[in-house]
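Knowing the structure of chain A, use the given hints to seat chain B on it.
First to last, the sequence lines map onto chains A and B.
For the first sequence, my numbering assigns the number 190 to the last residue and increments by one with no breaks.
For the second sequence, my numbering assigns the number 1089 to the last residue and increments by one with no breaks.
FYI, nobody ran anything at the bench for these hints, they're computed from the structure.
Everything hinted at is true.
Here are some, though not all, of the chain A residues that point toward chain B, as calculated from beta-carbon distances under 8 Å:
{"no.": "1", "residue": "Leu24"}
{"no.": "2", "residue": "Val32"}
{"no.": "3", "residue": "Asn35"}
{"no.": "4", "residue": "Phe36"}
{"no.": "5", "residue": "Thr54"}
{"no.": "6", "residue": "Leu73"}
{"no.": "7", "residue": "Ala170"}
{"no.": "8", "residue": "His173"}
{"no.": "9", "residue": "Met181"}
{"no.": "10", "residue": "Leu188"}
{"no.": "11", "residue": "His190"}
Virtual Cβ for every residue (Gly too), placed ideally from N, Cα, C.
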Amino acid sequence: MEESERLYYPPGGILIWMVIFLELFTFSMGLVAFNFYRVDEPIIFAEGQAMLNTALGMINTLVLLTSGFLMALSVQALKSGKKKTSISLMRTTALLGVLFIVLKATEYSEKLQIGIGIEHDAFFMFYWLLTGFHFIHVLIGVVILLFLSVRTGNAVYGPSNLADIEAGAAFWHMCDLIWLMLFPVIYLLH
Amino acid sequence: MPKNSKRTTTKTITIVWFLLMTLTVASFYLSENQFSGFSLAVVLMAITVAKFMSVSLWFMELKQAHPVWSLALVMLLTVFSALIIFSTG
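Just chain A, with the same shape it has in the complex (with noise of 0.2 Å):
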């Protein structure tokens, strides 16, 4: 591949590049500005991350790397020609996608239900803005694997053509790498 090819093919297309520096740029500056609120307000900080179930955050930490694994072995697999293991690795991606979706509307389910919302105080205000945003994120990136997998199916895609999927999982990956910047600052960092 020349040099000028590689500068403006990454893999996933230039595009897709754009938007993961756009999103990760909007995340990490959105937790910087978390950490420092936190260095003003330390007892509410350390109240409301008490209150989280660090747990369950490294447990969908571990599922989504998991889905990034199997993610990148569909593309690798559909690389080699191999249509129907791609499309199976690509489906247990998504439901992966689907088990973080599930445990984190399950954390959300029970910050409900003891009446923290969004308002309840700086801490939460972050903690739902960042992790919703990420949730949705999450939820469109399933959308697009479960799509990508049925086209693929359609013998759509193949090793010959491959940009939509690369672009797809790259978008996955990005959801991967945003939650590695979030689950520390917000869970684990006191």
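Chain B only, in chain A's frame:
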């Protein structure tokens, strides 16, 4: 793509996945039992950078792209990590 290229193998991806799982559990353990404040921020950000770049380079196959993409990610991560550590300390 030539056989001697940087194409990621299943074995490599599996090793990276295992490393990511281990680092995730380690960060949870360190947060619960060992560190707090500035030292925890440094350790957590170091682990975050390692996990983040592992996903980018091997799962997203960024190591096959032009190095400028990896460099841009490293720069973003460096600024993010530095600001988190600075605001914690």
